[in-house]
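Peer 1: Listed in order, the protein sequences are those of chains A and B. The C-terminal residue of the first sequence carries number 352 in the numbering used here, and the numbering is unbroken. The C-terminal residue of the second sequence carries number 443 in the numbering used here, and the numbering is unbroken.
Since the hints were made in silico from the structure, they are not lab data. From the three backbone atoms N, C-alpha and C, an ideal C-beta is built for every residue, glycine too. Treat the hints loosely; a few may be bogus.
[Said to hold, decoys possible] Derived pair list, reagent style DSSO-like, types lysine-lysine, alpha-carbon separation capped at 30 Å:
(1) K207(A) to K431(B)
(2) K181(A) to K403(B)
(3) K280(B) to K222(B)
(4) K93(B) to K207(A)
(5) K442(B) to K209(A)
(6) K207(A) to K358(B)
(7) K209(A) to K194(B)
(8) K181(A) to K50(B)
(9) K222(B) to K194(B)
(10) K55(B) to K280(B)
(11) K358(B) to K16(B)
(12) K215(A) to K194(B)
(13) K114(B) to K128(B)
(14) K93(B) to K181(A)
[Unchecked claim] From chain A, some residues computed to sit far from chain B (all C-beta separations above 10 Å):
(15) S124
(16) G134
(17) D169
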Amino acid sequence: MNTIVITIISLCAIGVASAIILYFVAQKFKVEEDPRIDTVEGLLPGANCGGCGYPGCRGLAEAAVKSENMEGIFCPVGGSEVMNKVAVALGREVAVQAPRIAVVRCNGSCANRPRTSTYDGARSCAVEHSLYIGDTACAFGCLGCGDCVAACPFDAIHMNRESGLPEVDESKCVACGACVKACPRNIIELRNKGPKDRRVFVSCVNKDKGAVARKACSAACIGCMKCAKECPFEAITVENNLAYIDYTKCRLCRKCVAVCPTGAIHEVNFPERKTAPAPETQAAKAQEAHTAPKTPAAPVNEEAQETPEVKKAAETPALSVEKETTAEATEKTPAPKPENTSTEKGGVESNI
Amino acid sequence: MLKTFKIGGVHPPENKLSSGEKIQILPVPEQVIIPLGQHIGAPATPVVQKGDSVKAGQLIATATGFVSANIHSSVSGTVVAVDNVTDAAGLSKPAITIKVEGDEWEEGIDRSVKPDHNITLSREEIVKAISAAGIVGMGGATFPTQVKLSPPPGSKAEILIINGVECEPYLTADHRIMLEKAEEIVVGVQILMKAIDVKRAVIGIENNKRDAIEKLKNLTAKTLGVEVCPLKVRYPQGGEKQLIKATTGRSVPSGALPIAVGAVVQNAGTALAVYEAVMKHKPLIERVVTITGKSVKKPGNYLCRIGTPISKLIEAAGGLPGDTAKIIGGGPMMGRAMVNPDSPILKGTSGVLILNEKEGTRKPSRNCIRCSKCVSACPMGLEPYLLMTLAGHNMLEEMETEKIMDCIECGSCSFTCPANRPLLDYIRLGKARTGAMIRNRKK
Numbered sequence: 001m002n003t004i005v006i007t008i009i010s011l012c013a014i015g016v017a018s019a020i021i022l023y024f025v026a027q028k029f030k031v032e033e034d035p036r037i038d039t040v041e042g043l044l045p046g047a048n049c050g051g052c053g054y055p056g057c058r059g060l061a062e063a064a065v066k067s068e069n070m071e072g073i074f075c076p077v078g079g080s081e082v083m084n085k086v087a088v089a090l091g092r093e094v095a096v097q098a099p100r101i102a103v104v105r106c107n108g109s110c111a112n113r114p115r116t117s118t119y120d121g122a123r124s125c126a127v128e129h130s131l132y133i134g135d136t137a138c139a140f141g142c143l144g145c146g147d148c149v150a151a152c153p154f155d156a157i158h159m160n161r162e163s164g165l166p167e168v169d170e171s172k173c174v175a176c177g178a179c180v181k182a183c184p185r186n187i188i189e190l191r192n193k194g195p196k197d198r199r200v201f202v203s204c205v206n207k208d209k210g211a212v213a214r215k216a217c218s219a220a221c222i223g224c225m226k227c228a229k230e231c232p233f234e235a236i237t238v239e240n241n242l243a244y245i246d247y248t249k250c251r252l253c254r255k256c257v258a259v260c261p262t263g264a265i266h267e268v269n270f271p272e273r274k275t276a277p278a279p280e281t282q283a284a285k286a287q288e289a290h291t292a293p294k295t296p297a298a299p300v301n302e303e304a305q306e307t308p309e310v311k312k313a314a315e316t317p318a319l320s321v322e323k324e325t326t327a328e329a330t331e332k333t334p335a336p337k338p339e340n341t342s343t344e345k346g347g348v349e350s351n352i
Numbered sequence: 001m002l003k004t005f006k007i008g009g010v011h012p013p014e015n016k017l018s019s020g021e022k023i024q025i026l027p028v029p030e031q032v033i034i035p036l037g038q039h040i041g042a043p044a045t046p047v048v049q050k051g052d053s054v055k056a057g058q059l060i061a062t063a064t065g066f067v068s069a070n071i072h073s074s075v076s077g078t079v080v081a082v083d084n085v086t087d088a089a090g091l092s093k094p095a096i097t098i099k100v101e102g103d104e105w106e107e108g109i110d111r112s113v114k115p116d117h118n119i120t121l122s123r124e125e126i127v128k129a130i131s132a133a134g135i136v137g138m139g140g141a142t143f144p145t146q147v148k149l150s151p152p153p154g155s156k157a158e159i160l161i162i163n164g165v166e167c168e169p170y171l172t173a174d175h176r177i178m179l180e181k182a183e184e185i186v187v188g189v190q191i192l193m194k195a196i197d198v199k200r201a202v203i204g205i206e207n208n209k210r211d212a213i214e215k216l217k218n219l220t221a222k223t224l225g226v227e228v229c230p231l232k233v234r235y236p237q238g239g240e241k242q243l244i245k246a247t248t249g250r251s252v253p254s255g256a257l258p259i260a261v262g263a264v265v266q267n268a269g270t271a272l273a274v275y276e277a278v279m280k281h282k283p284l285i286e287r288v289v290t291i292t293g294k295s296v297k298k299p300g301n302y303l304c305r306i307g308t309p310i311s312k313l314i315e316a317a318g319g320l321p322g323d324t325a326k327i328i329g330g331g332p333m334m335g336r337a338m339v340n341p342d343s344p345i346l347k348g349t350s351g352v353l354i355l356n357e358k359e360g361t362r363k364p365s366r367n368c369i370r371c372s373k374c375v376s377a378c379p380m381g382l383e384p385y386l387l388m389t390l391a392g393h394n395m396l397e398e399m400e401t402e403k404i405m406d407c408i409e410c411g412s413c414s415f416t417c418p419a420n421r422p423l424l425d426y427i428r429l430g431k432a433r434t435g436a437m438i439r440n441r442k443k
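Chain A with its partners taken away, still in its complex shape:
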């Protein structure tokens, strides 16, 4: 009986002693963490993608709380909406940043850029780039092995099998920059999404002399400088035989698109340009406008890659297509740089 009592008392004493020791040790080694970090972390999306440049969402939360202003603190996934909430929670003013999107600056599709060799090595752009020029004559163009696709944590970029080029899904891309880092040839760039998601860019990164670039790819920028001379806003610079449009200066007037001799400058998400149709087909067009069903709103990820194929379909003697419906022929008649896929037309109509 005594043994039990002594045991219980000694154990209680040890318990109390440990509790006291632990209390003091906990006080001495306590880590003071700003409770606001938890608050901010709760507001962030939690994808831990690293697109902000910090290690995970908690990293950004820590940086946000530590910083004086919100300089350089921006979550591309959450966007301005989330950053506003964070600013409110911290009692600060948030810097407004225009939403951005990844842009693939190459139009060297299988149709435009003939193959000069077959690559049967490891299916990785980084590996292929380290070995040789690639399977075409362009040392700068997309290799098509899909390192960008593998890098994207948001399922926002996919390889188009037909063209051999990657396509960005505008509804999913959050401009985290993973594909930009993955591309060994620096073809992908984060550019402003633009008003009404419209943007104009040079879809080429070839720095070879014009004749060499053109020989390798029919859609290459040849550095002729017509676009730079035409631009009323001085947004275009030409360096190393390559034109570049500064997206902060571009006002989307599309004058450069019209003068580019190779079609290297692309316009995205613009409505169809209205051109005066030829008189004999006006009746056919009017009829077509009445009878054609409203095309369903397709995902607005149709990039300019479609244009050369569309153009080529009109130019090549695929007369069977043109003969079928004259109405279709008028639609496909090359207007200066049309972005005309019927789905986009449908998209614009639905906006009205």
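Guided by the hints, dock chain B onto chain A, whose structure is given.
Peer 2: Showing chain B alone in chain A's frame:
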């Protein structure tokens, strides 16, 4: 028991189709393209311009800095361009293009064939002559020889090892020069011994070249300090570190150079070039190249002028076979596929291998089955399956810890993988990125 290296290695089929073919002289082409970057180190700086007349053996570009090499014209004629040309990988690189006119050589070059045994130059004069002649490692690495022969202060060479191994399948250029130019090579060895001031030299030769072993054994029987060491046929016996281990038993520590164990390794072809430079005053302007392949009509070994288009060599061997899949510059293990058949023969081009569709097409790659055959095969004791995964995930610091920089890029891992994984491709990529990180750290 033949000597060999202790860890790793594979035994690919030897396919020495051209080992019995005597060296023939390839006719001088109509035009040569001589690139400025034929060696490790900075590309040479041109000293001629368009319109200049040049003679064979004339200096046309000078070494840029210490780790670089001179370049000489291999023909006589007129310079038509000093401009960028497309190289074997399809990339744009600077080169000097010369239209050939006649075959006049620079004064002072001794074109007689009688072997000269009388070495009169001093040690410093020898290294100077080698540097002036633009000699680089002829085994394919193209490291400027005068740099290797100038050990850093504090290190002293004890033994010269001559690499007559030629472990790559298909290649036979070194075999043929050891048979046909044996005397000259032995004099070259003696010159090199004098250059680094050593008393001992070992010529390592794989045991599949018994005739060369016998010939050189006879020649060196009376030569003080030079011995021939037959080696087991195992790839990569000709790797510097493997050769040092096999012939001397010494192990070069990870990250160190052979001079750390007192060894200097030179290729047999380099020894021949050294002989010609020192004794005949002839700079490096031609070399023996093997043209071979299972579908090639007439595999052979040709003495070619530097800058000759590969297409001429292929023509001499009976033309490009119809079932060609790849044209490889070098051997099947470490060589690179070419996309431009007009690219020129360089100082480091040991062979041109035509792989037909059956041999040259890669099989589809599958997932790693964790068999560890690559680990067993790696002669540097690395773990290729792990390095490939790390390279794929771009984990630079981990690759450094796993000693990726020790990789000699021999290709044994890719060769032996039963799942056909492109191990070497990824490891090379990882090495490049890790190397860049390490160099940036030092800045």
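Peer 1: Work down the list of hints and note, for each, if the structure agrees.
Peer 2: Results of checking the hints against the structure:
Proposed proximity of K207(A) and K431(B) is supported: the alpha carbons are some 27 Å apart, at most 30 Å. The straight-line distance between the Cα atoms of K181(A) and K403(B) is roughly 25 Å, inside the 30 Å bound, and the hint therefore holds. Only pairs whose Cα atoms come within 30 Å are accepted, and K280(B) paired with K222(B) is accepted, the gap being roughly 24 Å. Restraint check: the Cα-Cα separation between K93(B) and K207(A) comes to about 14 Å, which is no more than 30 Å; the hinted pair holds.
Of the pairs offered as hints, the one joining K442(B) and K209(A) is violated, with about 36 Å between alpha carbons and a cut-off of 30 Å exceeded. Between the alpha carbons of K207(A) and K358(B) the distance comes to roughly 38 Å, so the proposed pair goes past 30 Å and is violated. With a C-alpha separation of about 51 Å, the suggested pairing of K209(A) with K194(B) is violated against the 30 Å cut-off. Annotation: proposed proximity of K181(A) to K50(B) is violated, straight-line Cα distance about 42 Å (limit 30 Å).
Taking the CA atoms of K222(B) and K194(B), the gap is about 17 Å. The hint holds against a cut of 30 Å. Of the pairs offered as hints, the one joining K55(B) and K280(B) holds, with about 16 Å between alpha carbons and a cut-off of 30 Å not exceeded. Our distance criterion of 30 Å between C-alpha atoms is met by K358(B) and K16(B), whose separation comes to about 18 Å. Restraint check: the Cα-Cα separation between K215(A) and K194(B) comes to about 54 Å, which exceeds 30 Å; the hinted pair is violated.
As the CA atoms of K114(B) and K128(B) are separated by approximately 24 Å, the hinted pair is consistent with the 30 Å bound. Distance restraint check for K93(B) and K181(A): the Cα-Cα separation of roughly 26 Å lies within the 30 Å cut-off, and the hinted pair is therefore satisfied. With a closest Cβ-Cβ approach of about 8 Å to chain B, S124(A) is found to fall inside the 10 Å limit, against its non-interface label. For G134(A), the condition that its CB be more than 10 Å from all CB atoms of chain B is violated, with the nearest at approximately 8 Å.
The Cβ of D169(A) lies farther than 10 Å from every Cβ of chain B, with a closest approach of about 24 Å, so its non-interface assignment holds.
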